[in-house]
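Student: Listed in order, the protein sequences are those of chains L and P. Taken in order, the first sequence gives residues 1 to 119; the numbers are from our numbering. Taken in order, the second sequence gives residues 1001 to 1156; the numbers are from our numbering.
Be aware that a few hints might be false.
[Unchecked claim] Computed beta-carbon distance windows for the label pairs:
1) Pro-106/L - Gly-1034/P: 40 to 46 Å
2) Asn-1072/P - Lys-2/L: 41 to 47 Å
3) Thr-1029/P - Glu-86/L: 29 to 35 Å
4) Gly-1144/P - Asn-118/L: 41 to 47 Å
5) Glu-1142/P - Asn-118/L: 38 to 44 Å
If you are wondering where the hints come from, they were derived from the structure by calculation, not from laboratory data. Every residue, glycine too, gets a C-beta built ideally from N, C-alpha and C.
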Amino acid sequence: MKVIVVDDSSTMRRIIKNTLTRLGYTDIIEAEHGLDALTKLDGVQMIFTDWNMPEMDGLTFVKSVRSSDSYKSIPIIMVTTEAAKEDIVEAIQSGVNNYVVKPFTPDILKSKIEAVLNR
Amino acid sequence: MNVEYLNPFITSTVNALSTMACLAPNRGTPYLRGNGEKIECDISGTIGVAGEASGSVTVSFTESVARKIVENMLGIEVDSINDDVKDAVGEIANMIAGGAKGELSQKGYSFKIALPVVCIGKDHYTEYPKDIPCLVIPFSVEEGPFYVEICLKIDA
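Take these sequences, add in the hints, and give me the full structure.
Tutor: Structure, rendered in structure tokens:
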């Protein structure tokens, strides 16, 4: 399964990639923000995206993906520091399938992925 | 600023460092920072805050503490304040502010947080507006001290 990790922090991209690799994902690409990611979605089967990013934030990126005929059905997991309840509601309403609040453990990320894949 | 605002930052700091860097910080006694007063640090990450709370949240590390955090977060060896350290300090600041935001929102305070700004330099300090109190929460780990500065004006 090809996945993309979208985060302006190289540290977080590396941590998420390391976690995904341990979970068996090997085809992992990266993007630094939403605008960058929109050019890299061909063949992608799952998206992990941050919220607060320069150029295009995660929420705008999610809305762009959901309004695209080609990519609208790709599962999206938002991985962000935005921990307020109203933020989580806004993200879900915008089309996010699941939500991980940073800091997170590998087990939390794994359970969120499984929940999305089992839907 | 009362303890109702302070505790979420303590919780989010400990949570960020224990979850992402396997560190168990000890907390000292918070104090009000004097004008121009410096704290011991080599690198800091600041998050701007706007809304019902406005101002900034800054986390400041000595080089040895910052290197240890990155080594634990990424499983790599670090011998200086390099790009990995700069990026990680910004992300830790982000987690502290974001975590506190989540808890404060449950108490009815709504605000937005900005992208992190990272500053580097021996014992650099930030000058804050005089009408906004700046609370310092000192922490320490085996490698040395670090500090979280909360400079917020909160609408009552």
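Student: Does each hint fit the structure? Answer for all of them.
Tutor: Evaluated hints:
no., hint, result
1, Pro-106/L - Gly-1034/P: 40 to 46 Å, "holds, 43 Å"
2, Asn-1072/P - Lys-2/L: 41 to 47 Å, "violated, 30 Å"
3, Thr-1029/P - Glu-86/L: 29 to 35 Å, "holds, 34 Å"
4, Gly-1144/P - Asn-118/L: 41 to 47 Å, "holds, 45 Å"
5, Glu-1142/P - Asn-118/L: 38 to 44 Å, "holds, 42 Å"
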